[in-house]
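> Single-letter residue listing:
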Amino acid sequence: MLEGLYLGITAAFTFFNLVMVISGCIIGTVIGMLPGLGPMSIIAIMIPIAISIGDPASALILLAGVYYGAIFGGSTSSILINAPGVAGTVATSFDGYPLARAGKAGKALTIAAISSFIGGTFGAILLFGFAPFLSKVALSFHSSEYFALMVLGLSAIAAFAGKGQVAKALMMAILGIMLATVGETALFNAPRFTAGIMNFQSGVGFITLAMAMFALPEAIYLILDPLRSKTKSGSKINNLRITLKEAKIIFPVITRQSFQGFFIGVLPGAGATIASFLSYAVERNLASSEEQKEFGKGSIKGLAAPETANNAACTGSFVPLLTLGIPGSGTTAILLGALIALNVQPGPRLMVDNPEIFWGVIISMYLGNIVLLILNLPLIPYIAKLLTIPRNYLIPFILFFTLMGSYIGQNNETELLLLIFLGFSATILKFANYPLPPLLIGFILGSMLENNFARAMNIYDGFGFIWERPMTAILLLLSVLLIFLPAIRSSLALRRQKIH
Amino acid sequence: MLNLEKIIALIILIICIVYAYTSFVIMQANLLPFELNMTVLPNSLPKVISIFGIVISLFLILKKDEDIEKDEDQSKIELNNVLNFYYGKALSIIFLMILYTLCLRPVGFILSSILFLFFSSFILGERKFIKLIIICFIGTTIIWLLLEKVLGIYMRPFPYLIQTMVS
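Protein sequences, first through last, are from chains U and P. To convert, note that position 205 of the first sequence is 205 in our numbering; the numbers rise steadily by one, no gaps. To convert, note that position 39 of the second sequence is 539 in our numbering; the numbers rise steadily by one, no gaps.
It is possible that some hints are incorrect.
To be verified - Here are the simulated DSS-like cross-link-like pairs (lysine-lysine), alpha carbons at most 30 Å apart as the crow flies:
{"#": "1", "chain 1": "P", "residue 1": "564", "chain 2": "U", "residue 2": "293"}
{"#": "2", "chain 1": "U", "residue 1": "498", "chain 2": "P", "residue 2": "563"}
{"#": "3", "chain 1": "U", "residue 1": "430", "chain 2": "P", "residue 2": "547"}
{"#": "4", "chain 1": "P", "residue 1": "628", "chain 2": "U", "residue 2": "430"}
{"#": "5", "chain 1": "P", "residue 1": "631", "chain 2": "U", "residue 2": "385"}
Everything labelled a hint here was simulated from the structure, so no lab data went into it. Predicted model, so just to flag it, every value in this text is computed and none were measured.
Construct the entire structure; sequences and hints are all you get.
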């Protein structure tokens with residue numbers, strides 16, 4: 001393995017490759033900040049440039065820089081303007097945006113950058129050590145386990161429900177699943193719930209819904225209530241310092257979520273989205289009752305957890321790609337295309353036939369991670385200053401980017417009208433104190449849940465998969481536990497109070 | 501008296517009933533013969549979630565008011581503030597967004613975006629017109645160049661008529 005590591009380092013560390021990774025990080029960060037352009041689309045756009053370079057190692061290093069840059073750029077727009085451009089950064093906005101509004105944008109961005117970096121580092125170490133073994137584990141996951149995993153992801157909605165709000169959170173998740181059933185699916189032959197509108201056949205776009213649930217209501221609120229747009233203590237906005245106390249709080253979170261995120265990322269199809277939602281739910285459940293109240297209002301734990309998990313999951317998604325040639329996510333599918341175009345065939349033979357490429361890819365992904373941290377930490381004060389732009393300019397531009405993000409994704413006006421309607425509805429829901437994140441979680445996981453459930457039912461000709469496959473049963477039990485854990489904890493606390 | 505939470509629950513209940521009717525009646529009637537033998541039908545999940553939706557929305561409607569504990573979230577709207585909100589401005593900007601959507605293709609990306617940014621800033625109270633026009637123009641052009649020239653995403657820049665004349 002050490003020999004492979006040496007091969008990878010020699011392939012990655014040249015002057016030209018360093019220029020490539022720096023350019024990739026800058027391009028990825030800048031474009032990734034635009035809602036609607038996630039890592040997948042940016043990498044797809046960069047593939048022709050990467051192929052024209054010719055050398056696989058340099059091309060992959062450029063793409064690695066773009067990849068990590070785009071992830072960080074997406075987190076930046078989530079934190080600063082509450083506009084998550086990709087599903088993996090939705091959970092980041094839950095606590096990142098409240099922190100930014102509290103005048104701690106610099107700190108929030110620093111926590112996001114450091115958590116992502118450590119998540120990526122742990123991910124790379126695990127990738128070094130366990131890639132071949134983990135690929136076998138990933139293959140043992142069938143549709144029934146994926147279904148159970150989606151249920152586990154959905155159980156995260158309990159984490160977004162405040163006191164007495166569980167019914168509302170469930171209602172929102174159901175509305176999200178309803179929206180996910182609109183349009184065509186791979187399973188059935190006819191589109192559903194389109195009301196005869198042609199443009200709805202492809203379903204509701206994720207970007208449209210994400211913008212409608214987060215960015216648009218926030219922008220409308222900023223218009224309604226000018227006092228809201230005044231972020232507290234402006235001088236702290238570009239303060240990056242994390243205190244020792246804060247570091248001690250987030251360190252165990254980052255460690256736990258690096259492992260959890262990586263192992264979820266290894267499973268093809270699960271990816272960064274579920275990893276980030278689950279990390280948020282797990283950390284909220286593990287937190288003390290005092291800390292739990294902070295979640296959703298600017299908890300540093302609530303920010304560090306999804307940021308660590310989604311980066312670790314991104315690294316984890318390289319396990320099936322490099323060892324089996326199976327792309328575990330949309331982004332790795334695009335990277336697989338790039339590798340094939342560069343005459344590299346990922347799969348079980350890659351490590352034996354082309355060890356320099358195998359280790360070169362791993363080292364270049366990690367190099368992207370390091371360069372991103374070095375490049376972006378000094379830039380954070382300037383990025384955070386975006387929030388000090390006068391509201392008369394900031395709000396129109398937020399609205400403009402929101403509309404553009406949705407338009408780029410679907411390229412039709414109906415989608416924009418839908419965005420405005422959903423955004424207006426979401427504002428009213430927010431008025432009435434209905435939690436909006438469960439709606440988006442229901443939407444994202446709903447279709448995956450239905451597909452995997454249908455496959456499992458077809459394979460086992462009924463519900464037999466629940467008791468015939470132990471892993472499915474364990475995951476379903478974990479979901480039940482995650483839903484009822486807050487209730488169990490509060491009843492235990494009540495009993496303890498009575499005893500005292 | 502019904503509060504906003506319950507009115508919303510009522511609207512959601514109506515949505516769930518329409519959704520349930522579509523799943524149980526319309527989709528069931530449109531199933532193809534071979535689909536009837538499938539373990540999971542296209543309307544299986546919709547049926548289940550529509551029932552859940554109806555039950556939960558009924559629960560939210562019938563729930564006693566005192567049971568509803570308001571979240572002490574920062575984003576909670578204080579009643580005093582609500583009365584002083586700028587509803588007119590918000591509605592004007594929503595109207596402007598609809599107008600922008602409808603004009604995007606016929607008027608072209610650059611002109612419609614500049615006008616959208618200009619008028620929304622104007623509604624929000626910006627009165628330094630020259631500075632505003634410069635910012636709107638630069639912002640729109642940079643985004644258009646990025647989309648069109650760097651990322652290859654086509655956006656018709658000018659009104660259809662002008663574009664045909666130029667080409």
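> Against each hint, give a clear statement of whether it holds in the structure.
Hint by hint, here is what the structure shows:
1. P:564 with U:293: The given pair, whose Cα atoms are some 24 Å apart, holds under the 30 Å limit.
2. U:498 with P:563: Judged against 30 Å, a Cα distance of about 28 Å means the pair holds.
3. U:430 with P:547: Within the cut-off at roughly 27 Å; holds.
4. P:628 with U:430: violated, 33 Å
5. P:631 with U:385: holds, 20 Å
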